[in-house]
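So the protein sequences, as listed, match chains A and B. Following our numbering, the numbering of the first sequence begins with 1 at its first residue and continues without gaps. Following our numbering, the numbering of the second sequence begins with 1001 at its first residue and continues without gaps.
These are calculated hints, taken from the structure and not from any lab test. This one's a predicted model, so the numbers in the text were calculated from it and none came from an experiment. The C-beta atom is built at its ideal place from N, Cα and C for all residues, glycine as well. Just to be clear, a hint being listed does not mean it is correct.
[What the hints assert, rightly or not] Some but not every residue of chain B turned toward chain A, in silico, with C-beta under 8 Å:
| # | residue |
| --- | --- |
| 1 | M1001 |
| 2 | D1003 |
| 3 | R1005 |
| 4 | E1069 |
| 5 | L1071 |
| 6 | E1075 |
| 7 | T1111 |
| 8 | P1113 |
| 9 | S1114 |
| 10 | Y1123 |
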Amino acid sequence: MKNRLKVLRAERDWSQAELAAHLDVSRQSVNAIETGKYDPSLPLAFKIARLFGLPIEAIFEA
Amino acid sequence: MTDPRTRKLRRQSLIGLGGLMMLGLLMVLLSRIQGLERPVRIVGATVLVSVIVVWWTVFAIRIYRAQDEYLRQAERVAWYWGGLFGLLLSFPAFVFIGMGGLTWLWPAVETSPSLGRAFTLGYMLPLAMQVTGALAVGLWWRLARR
C-alpha cells in the first residue's frame, strides 16, 4: 500500500522519531510504514489521519 | 533521538532480562551449596523456578504492552514461522539422538534405555506444553470473538 507519510512528515519538518512520539509507536514502525513494508492497522491509520488533519484516503492508497 | 515507546520497551526488556539473569545465578548458587538434603534441594529449585516463571510472565506482559503493533506483528511472525521451522528441524535431530546416533559417532557418549526415556521425556514435555498452550490460546481467541 502506498502512502504520503514521508511527504507529510517532511512538510512539518519532523524526524521519524518525532512522528513516532506523536503517534505513540516506535521509530521502526514509522520507517516501515513510510517505505510501504508494513500496512498500519485501521486504528493507527485513523490516528495518522487525525494527526495530519486529513482523511485516510488522502494519506493511503491501495 | 529515541522515541518514548522504544525507550520504554528497552527499559522493560533490560529489567526483565537482568532480573532473569540474577534469578538464574541464584539457581546456580543453590545447586552448588554443599550439604543440602535432597528434598530441600528439590523444593528449593522448584520454588526458585516458580519465581522465575512468575517474573518472566510479568515482564512478558510488560514487554508486550510496551511494543507497538509493528513489533507485535514481528514477534508473531518470528514465533509462528521461526518456532515452526525450529520445531520441524528438531524432529530429525530427536530421532537421530534418540536412536543412539551420538554414541554411534562418539562411542564415549553413554547410552542406555533409561537415558533414552529421559531424553524423550525432556524433548516431549516442552513440546507438548507449547502445543497445548498454542491450542488453548487459539481456542480462547476464537471463542472470545464470536
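Unsatisfied constraints (hint numbers, rising)
Of the numbered hints, 6, 7, 8, 9, 10 do not hold.
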